[in-house]
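Each chain is listed here by its residues.
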Amino acid sequence: GDSVTQTEGPVTVSESESLIINCTYSATSIAYPNLFWYVRYPGEGLQLLLKVITAGQKGSSRGFEATYNKETTSFHLQKASVQESDSAVYYCALGDSTGYQNFYFGKGTSLTVIP
Amino acid sequence: GPKVLQIPSHQIIDMGQMVTLNCDPVSNHLYFYWYKQILGQQMEFLVNFYNGKVMEKSKLFKDQFSVERPDGSYFTLKIQPTALEDSAVYFCASSPTGGGAETLYFGSGTRLTVL
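Residue numbers (this note's numbering), protein chains in the order written: chain U, 1 to 115; chain F, 1001 to 1115.
Just so you know, these hints were derived from the structure itself, not from any lab. Heads up, a few of these hints could be off.
[Stated by the list, open to error] Below 30 Å or equal to it, Euclidean Cα-Cα: the simulated DSSO-like pairs (lysine-lysine) are: (1) K1053(F) with K107(U); (2) K1057(F) with K1078(F); (3) K1078(F) with K70(U); (4) K1003(F) with K1053(F); (5) K1003(F) with K58(U); (6) K107(U) with K1062(F).
[As the list claims (entries may be wrong)] Not close to chain F: a few residues of chain U, all C-beta gaps over 12 Å, as computed: (7) V11; (8) S18; (9) L19; (10) N34; (11) K51; (12) G56; (13) G63; (14) E65; (15) N69; (16) K70; (17) E71; (18) T73; (19) S74; (20) S85.
Being a predicted model, the structure only gives us computed values, none of them experimental. Glycine included, every Cβ here is placed at the ideal spot set by N, Cα and C.
One chain only, chain U, in its complex shape (with noise of 0.2 Å):
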C-alpha cells in the first residue's frame, strides 16, 4: 500500500548540532509521488516547511532541507545545526499528484532543542 515511515520520537538534541530525521516512503499505487515535511509547533496547526515534486530535486526551507530519492524511496531531513526555536513535531507526507489528493503521513517526531 502507500504509507510514509518515519523516524520514531522523541528525538532530542543540543543547540548547533546536526539534525537528520528519516522518512521513507511505498508509493505503490501512486505513479507520481510528492513528498512534503510539515511541521508542528506548540498550539499551533501543521505548517507546510518544504516540499519536492520532482524525484532527484532538493527542497529547502528555513535551514532544513530533503531530497526526494526515488532509488532509495526516502526524503530525509537534515539540518546542519538546530536552534531551541525548531523544537517541534516534524511529518513527512505522500502525496498523489493525480488524484483529489489523499496525503499519507508519517506518525510525526517529536523533537527537543536543548539550549
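Go by the hints and put chain F onto chain U.
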C-alpha cells in the same frame, strides 16, 4: 500566514451523543479536508470536500459521519451517534486548489473524547 481555526479545541461527550466539530478555513480556499489522529498513530485522511460535495472519503469515514459547509461559513464534521473509537484529534485543513502537489493549511485540531 493564512490561518485555519478550529472550534472547540477540546470536546468531551458521552457515547451515543452527537458532536459537531467546526472549522473556519482560509477565506479564499476551495478545498476542505478532515483528518483523524489517534494518539501514537498516523494522521489519517477522512474526507475532502469541494463545491458543496464530498470528493473522496476513506473507509474511516463511517456512515455516522457527515460534512457540510452551509452558506460558505464553517466547514463542519458531524458524528451522530458517537462511539468510543471516535476519540481522537481531528484536524481540519484547506487548500486553494485540489491536487497532490498542493499545500494544505491545517488548524490546530479538536481533541474529541468520547466517554
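Comparing the hints with the structure gives:
For the suggested pair K1053(F) and K107(U), the alpha carbons sit about 29 Å apart, so the restraint of at most 30 Å is met. Using a Cα cut-off of 30 Å, the hinted pair K1057(F) and K1078(F) holds, with the two alpha carbons roughly 14 Å apart. Under the criterion of a C-alpha separation no larger than 30 Å, the hint pairing K1078(F) with K70(U) is inconsistent with the structure, at around 40 Å. Using a Cα cut-off of 30 Å, the hinted pair K1003(F) and K1053(F) holds, with the two alpha carbons roughly 23 Å apart.
At most 30 Å may separate the alpha-carbon atoms for a hinted pair to count; K1003(F) and K58(U) meet this at roughly 27 Å. Proximity of K107(U) to K1062(F) is assessed by CA-CA distance (about 22 Å); at most 30 Å being required, the pair is judged to hold. Consistency note on V11(U): stated as away from chain F, and its beta-carbon is indeed over 12 Å from all of that chain's, at 16 Å minimum. Distance check on S18(U): its Cβ is at least 27 Å (rounded) from any Cβ of chain F, clearing the 12 Å threshold; non-interface status holds.
The Cβ of L19(U) lies farther than 12 Å from every Cβ of chain F, with a closest approach of about 22 Å, so its non-interface assignment holds. Consistency note on N34(U): stated as away from chain F, yet its beta-carbon is not over 12 Å from all of that chain's, at 5 Å minimum. Here K51(U) does not stay apart from chain F, with its beta-carbon only about 7 Å from theirs, under the 12 Å limit. The non-interface label for G56(U) is consistent with chain F: the shortest C-beta to C-beta separation is roughly 16 Å, beyond 12 Å.
For G63(U), the shortest C-beta to C-beta distance to chain F comes to about 18 Å, beyond the 12 Å cut-off, and the non-interface label holds. No Cβ of chain F approaches the Cβ of E65(U) within 12 Å, the least distance being about 18 Å, so the stated non-interface status holds. The claim that N69(U) lies off the interface holds: its Cβ sits roughly 18 Å from the closest Cβ of chain F, which is beyond the 12 Å cut-off. Against chain F, the non-interface label of K70(U) holds: every CB pair exceeds 12 Å, the least being about 16 Å.
Every C-beta of chain F lies more than 12 Å from that of E71(U), the closest at about 21 Å, which supports listing it as non-interface. Look at T73(U): its CB is around 16 Å from the nearest CB on chain F, clear of 12 Å, so calling it non-interface holds up. A cut-off of 12 Å between C-beta atoms confirms that S74(U) is not in contact with chain F; the least separation is 18 Å. Distance check for S85(U) against chain F: the nearest CB is about 16 Å away, which clears 12 Å, and the non-interface claim stands.
Consistency note: the structure conflicts with the earlier hints numbered 3, 10, 11.
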